[in-house]
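There are 2 protein chains.
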Amino acid sequence: MKKPELFTCLSPALLHLYDVSSSIVVIIDVLRATSTIATALHNGAKHIIPVDSVTECIRLGKQIDGITAGERDGKVAEGLEHGNSPFEYPSSFIKNKVLVLTTTNGTKLLHMALDKCAKGIITGSFPNISAVCNYLIEQNQPVILGCAAWKDRVNIEDTLFAGAVVSRIKEHFSINCDSSAIAETLYNDAKNNLYEFMKTKNASHYLRLTNYGLEKDIRYCLTADGADVLCLFEDGKLIAAKK
Amino acid sequence: MKKPELFTCLSPALLHLYDVSSSIVVIIDVLRATSTIATALHNGAKHIIPVDSVTECIRLGKQIDGITAGERDGKVAEGLEHGNSPFEYPSSFIKNKVLVLTTTNGTKLLHMALDKCAKGIITGSFPNISAVCNYLIEQNQPVILGCAAWKDRVNIEDTLFAGAVVSRIKEHFSINCDSSAIAETLYNDAKNNLYEFMKTKNASHYLRLTNYGLEKDIRYCLTADGADVLCLFEDGKLIAAKK
Chain R
1 MKKPELFTCL SPALLHLYDV SSSIVVIIDV LRATSTIATA LHNGAKHIIP VDSVTECIRL
61 GKQIDGITAG ERDGKVAEGL EHGNSPFEYP SSFIKNKVLV LTTTNGTKLL HMALDKCAKG
121 IITGSFPNIS AVCNYLIEQN QPVILGCAAW KDRVNIEDTL FAGAVVSRIK EHFSINCDSS
181 AIAETLYNDA KNNLYEFMKT KNASHYLRLT NYGLEKDIRY CLTADGADVL CLFEDGKLIA
241 AKK
Chain C
1 MKKPELFTCL SPALLHLYDV SSSIVVIIDV LRATSTIATA LHNGAKHIIP VDSVTECIRL
61 GKQIDGITAG ERDGKVAEGL EHGNSPFEYP SSFIKNKVLV LTTTNGTKLL HMALDKCAKG
121 IITGSFPNIS AVCNYLIEQN QPVILGCAAW KDRVNIEDTL FAGAVVSRIK EHFSINCDSS
181 AIAETLYNDA KNNLYEFMKT KNASHYLRLT NYGLEKDIRY CLTADGADVL CLFEDGKLIA
241 AKK
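So the sequence lines, in the order shown, correspond to chains R and C.
Residue numbering for the first sequence follows the numbering used here, beginning at 1 and increasing consecutively.
Residue numbering for the second sequence follows the numbering used here, beginning at 1 and increasing consecutively.
Bound conformation, chain R alone (with noise of 0.2 Å):
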């Protein structure tokens, strides 16, 4: 039986490269969109709506009642509630509640795969990261792994996880990437210890968050499985899937 196809795409300004209308694209913003969205729905939030603006971030959260959250450039976006963090989303504070967020690079991605008409759409991130290697492989449907990246530049973080999830499923699958092959090999050297990585190699991102004392973050946000929970896309909203 003919395996489908995965592509590793490493910045947005990429994605027009693949066959966005045929795949599932996981969108990944391992620092720290999509590691947030798990921790958030993992934690028990009723739903996720990820907006691309601060400003319809905030008149949504009006409309429905939900909590506004998301940064720009690292940081809480002005006019919102709750920033990018995954510590700001325990159960005792997110339960049954409704986050709204928007963030520099994971939610533009998601929106542009949603415009290009993606078969199916699930955020991915090291907290998620098995949910994520189990859908692909019980889908057994074309995968596009969508790097976030930072405004387009591509970057290490997103590129690990891309490199972390073919060299789990990469057997399910019929990889003629080049930048799968470059993401997996950057992942086995990583693997190890990926915050070393990431200081080592003096990561654009890592730099900047440990600039706001944000260490703790990263390591969370580069550990596996912290957060078991497959976030699909639906309806608008990124819901946690049933089991």
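Misleading hints may appear alongside valid ones.
For identical chains, the list gives no copy identity; a pair is met inside one copy or between any two copies.
[Stated by the list, open to error] The calculated DSBU-like cross-link candidates involving lysine-lysine, where the alpha carbons are at most 35 Å apart (straight line), are: (1) Lys191 to Lys116; (2) Lys199 to Lys2; (3) Lys116 to Lys46; (4) Lys119 to Lys95; (5) Lys216 to Lys151.
Derived by calculation from the structure, the hints in this document are not laboratory data.
Put chain C on the given structure of chain R with help from the hints.
Only chain C this time, still in chain R's reference frame:
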């Protein structure tokens, strides 16, 4: 003293993210355009005129009585006399002649850098890597390592060359660029045997060229300093810089 910045641009579709007009842009199209350019200039070609279409290649070739050469999709383009293999340009053939060259990716990126008013343009390949590195260090200007990629998709071989350059000259530059760190990591993983790395990773252009029986080209194009010449783009043509 402040060191100049260095960035790696992994695909022409990302070039707009970088400050081209302040930088020397290194055009990288390892398999095979920039390797062939270095070889032809090293073997005494008078100069090389890179053009972006087959039609223009034929027109100009007639006009100036030059040798028309180029490829589309890895094969000699219809209507041109020669292809894109470095072995087609020994000294006995190319000395004092003018080559008019068009290729799928490399010449396209060169014209993009030209349109964006790059401060300087050179071509880079393993056969002339030392000349490239020495020049970049001497110039002490901002640098963009521009990978020609494959129809805008990131490829392994151009990324490897960018990584090789980064590993050689990084002490002379300020590098805050995840793509450069990714490229260098890839290169360090591959450097003991670049050919085997390309083969093991199923690099897409490795597969394309071996299908045409071009293993010898690939091996040559991955070997350092077989054509020790600096290829400078000046006044619409590529010339061998005087030593």
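Hint check results:
Proximity of Lys191 and Lys116 under a CA criterion of 35 Å is satisfied intra-copy only: 33 Å inside one chain copy versus 39 Å between copies. Taking the closest pair of Cα atoms, Lys199 and Lys2 come within 35 Å of each other only across two copies (23 Å); inside a single copy the shortest separation is 40 Å, beyond that limit. Taking the shortest Cα distances, Lys116 and Lys46 sit within 35 Å of each other inside one copy (27 Å), while across copies they are farther apart (49 Å). For the homomeric pair Lys119 and Lys95, the shortest alpha-carbon distance inside one copy (29 Å) is at most 35 Å, but the shortest distance between copies (56 Å) is not.
Proximity of Lys216 to Lys151 under the C-alpha cut-off of 35 Å is restricted to the intra-copy arrangement: shortest distance 23 Å within a copy versus 40 Å between copies.
In this structure, none of the earlier numbered hints is contradicted; all agree with it.
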